[in-house]
Amino acid sequence: MRKEFAGRVWRLGDDIDTDIIIPTQYLALETVEDMKKYVFNPLRPDLAELIRPGDIIVAGKNFGCGSSREQAAEILAALKLSCIIAKSYARIFYRNAFNNGLLLLENNELYDLCQEGDDLSVNLENRQVLLGERSFSVASVPDDLWQMLEAGGLVPLMRKRNAQ
Amino acid sequence: MGMTLGEKILARASGKIMVKPGEIITAKVDLCMTNDATTHLSIDIFEQKLKAEKVFDPQKVVLIIDHNVPAESAQTAEVHKKMRQFSQKHHLPFYEGAGICHQIMVEDFIVPGQLIVAADSHTCAYGGLGALGTGVGCTDFTSVLSTGELWLMVPETLKFDLEGNFKSGIYARDLILKIIGDIGANGANYKIMEFGGSAVKKLTLDDRIVLCNMAVEAGAKSGLIEPDEQVVDYVQAAGRQVRDLFKSDEDAVYEMIYRYTLDELEPMVAQPHFVDNVVPISKIGEVTIDQGFIGSCNNGRIEELRVAAQILKGQKIDPLVKLLISPASKRVFRQALDEGLIDIFVAGGAMVLNPNCSVCWGGCQGVIGEGETLISTGTRNFKGRAGHADSRVYLASAATVAASALTGKITDPRRFVR
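Chain order of the listed sequences is A and B.
Here the numbering used here is used: position 157 in the first sequence is 157, and no number is missing along the way.
Here the numbering used here is used: position 105 in the second sequence is 269, and no number is missing along the way.
Do not take every clue at face value.
As the list claims (entries may be wrong) - Below, computed lysine to aspartate or glutamate pairings styled on EDC-like, alpha-carbon distance capped at 20 Å: (1) A:K160 - B:E211; (2) B:K366 - B:D325; (3) B:K213 - A:E106; (4) B:K213 - A:E33; (5) B:K246 - A:E106; (6) A:K160 - B:E450; (7) B:K486 - B:E534; (8) A:K160 - B:E313; (9) A:K80 - A:D34; (10) B:K184 - B:D415; (11) B:K494 - B:D272; (12) B:K365 - B:E327; (13) A:K160 - A:E133; (14) B:K245 - B:E217; (15) A:K160 - B:D408; (16) A:K80 - A:D46; (17) A:K36 - B:D208; (18) B:K366 - B:E419; (19) A:K37 - B:D415; (20) B:K323 - B:E211; (21) B:K245 - A:E30; (22) B:K253 - B:D208; (23) B:K480 - B:D507; (24) A:K80 - A:E109; (25) B:K366 - B:D415; (26) B:K331 - B:D576; (27) B:K486 - B:E419; (28) B:K180 - B:D272; (29) B:K213 - A:D46; (30) A:K80 - A:D112; (31) B:K192 - B:E534; (32) B:K411 - B:D427; (33) A:K87 - A:E116.
Since the hints were made in silico from the structure, they are not lab data.
These figures come from a predicted structure and were not determined experimentally.
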């Protein structure tokens with residue numbers, strides 16, 4: 001898990017709910033790989049094809065609201081996004097994301113000033129996100145959560161601890 | 165400094181005398197529950213990734229098949245089989261088709277003061293009985309399944325002081341939609357919504373569950389109401405011992421206090437595609453509907469069915485409208501049969517479905533097509549929630565859904581309520 005990285009922006013709105021991230025009818029598909037094809041389907045069916053590893057989703061407030069379906073976080077983690085940067089997150093999704101090794105950052109201004117396709121540079125050491133010349137601050141990631149991200153999520157972390 | 169009801173439950177569960185908002189605790193859970201939306205994933209994590217062999221306490225783990233029941237596909241049938249086998253192997257309480265998970269938990273398990281963690285966002289419903297329920301994903305759930313513990317941040321509490329009385333044709337459902345519309349879909353993010361005030365005492369248990377169950381739609385960790393005699397009577401009549409009857413201290417600290425006068429409410433409707441996109445019914449304009457749904461963990465209990473039956477009695481629904489009704493549990497279903505409500509529904513042209521999450525979940529029954537409009541007592545109206553991505557879901561009370569099914573368009577139920 002790197003503390004410095006860059007990525008291309010996909011810009012989504014406020015209140016991106018977990019039914020948007022993965023609609024109910026695809027939840028029983030056998031693997032995350034099957035489900036990935038339907039990510040954001042009701043809102044942006046094109047995104048499943050377009051998102052590449054390392055990309056960054058930037059969104060407004062309350063990202064991940066709604067159902068506790070962990071498939072939502074699991075799929076976004078499987079897309080190998082560098083991170084999501086939103087104004088705020090719904091609490092169940094927040095836990096699910098870190099539990100699946102997906103980094104979430106919060107910033108209140110970036111969403112309103114960035115555009116889809118922009119390139120962002122993130123530096124977690126100095127807690128900054130750069131958009132061209134502009135800098136946006138993000139909170140530091142607590143150690144416990146960082147350990148979880150480095151392990152790849154809560155389950156790998158528990159296995160590692162059980163083995164020790 | 166005093167503590168709120170929620171803080172007292174979390175202090176008890178973490179073995180502390182006192183907790184404060186922002187503090188991170190490791191809590192022992194009193195019960196955990198999981199349903200067929202995600203249990204197959206939890207079982208995979210438990211068995212294959214964690215290589216765990218035993219659940220922390222077989223008496224405290226409940227498995228409920230309620231989301232896609234009866235199975236609508238071979239894939240779902242496999243999920244159900246996996247749950248059945250897991251529950252047999254570990255000797256766990258197991259329900260299949262007996263009702264919506266939260267209604268079964270209320271009927272058979274919940275007592276005031278408990279901390280309950282379940283792999284379902286509407287777990288906050290148990291606050292109606294003074295128990296703290298909160299939803300988690302399946303990874304957190306699986307860690308609870310093996311350890312019986314979960315880390316939690318002690319949340320701030322928002323207080324909702326309720327005064328006055330509901331006027332005829334207005335229900336708890338209208339109140340919670342009004343509140344969510346006012347504070348927004350993340351207005352209580354990470355927080356507890358505590359409902360109090362003189363009006364709460366007069367609310368029935370079903371009403372209290374309606375309020376707490378929707379707390380998550382404002383982003384809340386949970387919804388809570390102080391348990392009173394009504395709750396004690398219910399729990400004891402169900403054969404369970406009452407243990408902790410916590411109440412918020414006089415000097416408990418709330419982040420914010422909101423006041424609502426129930427007499428001032430009118431029927432409320434949440435418009436597509438957000439639960440907080442709420443307007444009074446007088447502002448809704450002309451909205452033609454294709455389908456109505458009465459059911460869900462929010463609004464499928466006996467009181468809502470009675471309200472719907474009162475409006476539908478002796479009437480026929482609009483011939484172009486489908487009305488689907490799914491009682492929240494088998495017990496509710498039987499009671500509705502005994503009271504003659506099911507007769508009224510069938511005579512009026514409704515389709516009565518087995519107890520399950522049904523149309524609210526959009527997975528196995530009553531899915532709507534492109535361009536269609538549903539009015540529902542379900543919990544959510546997200547884009548595509550009930551079927552096609554280009555369909556529309558409006559949320560309202562059982563009375564409003566029943567009245568709308570009669571006229572074919574969204575209709576103020578006060579026209580019909582006697």
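Against the structure shown, which of the earlier numbered hints fail to hold, in ascending order?
-> 3, 5, 6, 13, 15, 18, 19, 20, 24, 25, 27, 28, 29, 30, 31 and 32
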